[in-house]
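Participant: My request is simple: use the sequences and hints to build the entire structure.
Heads up: the sequence lines are chains A and B, in that order.
Heads up: the first sequence runs through residues 1 to 411, numbered per this note's numbering.
Heads up: the second sequence runs through residues 1001 to 1411, numbered per this note's numbering.
Everything labelled a hint here was simulated from the structure, so no lab data went into it.
Cβ atoms here follow ideal geometry from the backbone N, Cα and C, with glycine treated the same way.
No incorrect hints appear here.
Okay, the calculated bits of chain B under chain A, using three or more residues with CB under 8 Å as the criterion: (1) 1187-1201; (2) 1216-1229; (3) 1281-1293.
Protein chains: 2
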Amino acid sequence: MNDGSIDGGRLIGRIRELGNVGRDADGQLVRLAATAADKQGRDLFVSWLKEAGLDVAVDRVGNIFGIWSAGGWEERAPLMMGSHIDSVINAGIYDGCYGVLAALEVIQTLKSSGFQPARPIVVAAFTNEEGVRFAPDMMGSLVYAGGMDVEEALAAKGTDGAVLGEELRKIGYAGPHAPGFLTPSSYIELHVEQGPVLEREGIAIGAVENLQGISWRKVVVSGTANHAGTTPTGMRSDAGYGAARIVTYLRERALASSSPMVATVGCLALEPSAVNVIPSRATLTIDMRVPFEDRLLEEEDALDRFMDQLAEEEGLSISVERLARSKPVAFDQALVEIIERAANARGLSNRRMTSGAGHDAQMIATIAPAAMIFVPSVGGISHNPAECTHEDDLVTGVNVLLDVARILSLS
Amino acid sequence: MNDGSIDGGRLIGRIRELGNVGRDADGQLVRLAATAADKQGRDLFVSWLKEAGLDVAVDRVGNIFGIWSAGGWEERAPLMMGSHIDSVINAGIYDGCYGVLAALEVIQTLKSSGFQPARPIVVAAFTNEEGVRFAPDMMGSLVYAGGMDVEEALAAKGTDGAVLGEELRKIGYAGPHAPGFLTPSSYIELHVEQGPVLEREGIAIGAVENLQGISWRKVVVSGTANHAGTTPTGMRSDAGYGAARIVTYLRERALASSSPMVATVGCLALEPSAVNVIPSRATLTIDMRVPFEDRLLEEEDALDRFMDQLAEEEGLSISVERLARSKPVAFDQALVEIIERAANARGLSNRRMTSGAGHDAQMIATIAPAAMIFVPSVGGISHNPAECTHEDDLVTGVNVLLDVARILSLS
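Facilitator: The following block contains the structure:
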């Protein structure tokens, strides 16, 4: 630890230990927000915070903070690092937990090395990032950043009918602090990529400069059911063909885009669904992600125009329902540069990248300069027990976080 | 009737009366083969045959024949006309019944006009054309033409577990005659088009010169499920995109085809079917119809090559299962010309066309010269209570059949 690096063994040990908390009867990791399993995970994390000599603070929405401070908390705005420790159903052990335990590891390393930070350093674990039990996802950081009223969040009803506020009280994590009680000087979130880019390109560190805006739509294409044998091609209004054209259009747009746009049709159902009947109805979902708001708006408009033209040409009617929409997030350029410099100083290959998934960092970015660091995910797999990042890569990422934290807390 | 035309009132009245037999509790027409409802329809038809003074013969597979003959049945090969009187579930009243009752109407008209045919004239109603209760469809005519063993047909198990042979005995239509006991000199089937072509083109009579060969396939496209946000386009193996490409490919082939090819993807399902997950599997059906065997084989091969290339390009694997395959049928050119001449002689617009659906005529075509006559279907709708052909068009079609029958039985 005196060589300026973190204790990899301790880090990996904690990731594994936390990853064993919340296993169900089938051995699946299910640590949904504010459940008994989540309480077990929180208790373990808090025990480590105390063991590291940090002050523990919990806010009203259950966000947990471990604070290392020479003086009082409010002397100066703290450097904050963190992520979340709730999980999806049948989860892997890295998503979220890695960023939280990395932040703790960084603080412990700095502390034991005799480093004297010029401001408090805080590790944060935000409530209900995954959004599996309570909507919306990233709720804890959203409330913390003032994007959602705390009372509204506490009244949220879970998929199991439970109310978040009551559940937090039950597990002992309805804290006294007002969300946002600490405004960070900057926020850094280390996370597994959850995508294939770093691994495929053989790059160690992603300096995440922005986060995709997300446009979710449900599209219903209506045509006319007809006999597959007796209806000539030119006399068809084939809803399934209309849906297929939307799928191929989106691929063309994504390939032609100068920004890292992606688009996905994940659900597609035909009616009446018979081998010899032309589909009268196709219902599909579109997930479109673009990291710049003006470009995302442009793509939404272009899609609308395409579907209008398609409907006209094919004798279809197409209706669109917006399911969800979030704006892209531009992370702090100065922080991104610091991450790049830190990676370069350790001789690590690195690249700027876009986060395709949502993270707590995007919420905190509304109240403080924020950025993220990615490490490679094996096969790009996430939200799955096969989620994996090699131990070397895990340790490397935390060392970069360590160097970044040192720089950001020096002054 | 002495003006050389049929009795339109009697024809329409019988179509309506038969159409009211076999209504279920919801008023839906359901006259599945060899059910009690089918018995009612058969009994009514047979009563009309007797009323018209025809000999009634039933063969072992339940096909019913009404025979008008001066001498014994076997003096000369008979002219045969007919179709089927079983129905689909929630059927219209014209499909099949029109052709059977038209044939009876033609025979009655010729008889009462004092016409002296040079050969017997027979109206046939074939068993289980629709194939809803027992597989395969067109079973009665298939067995009649020697394409299926009668014992095998009688052993067929219905969707309700019933055995055809037993059901025919129960309803009194397990006849004594060997299927094929009459080999027709020619066979003409008048039918509603069940497609939109004649109505859209404003044409009265279709002279059907061939019948589509049908290739049914089930295709499974396998890719890799991945996060819709974090997986760049170039790193995807998107099974849904693969399926969409197959759909658009088939459209392009159908449009580019010089024959009246049609292709339909009626069923398409994605897995895991989540908004933000790239589909790992797409299961689709392909119904491809081409009226020439060499061209159908060509299209099947071209599709295989396209899917191989698609799999290669997109990192997918694609498996194909053959669900059904029937060869195209070329009807008798001389008969088609007689139909055209008959229509022209009455000043009726007409066109040659391809039947996109299967009919008993395709089975009888293997043992005798055969052809079909189509009349317009309103909106191309069939297998649906909204199935409709205007009364004028119904009568017009039977008058053409009358003229064709006169020509074919004169010598």
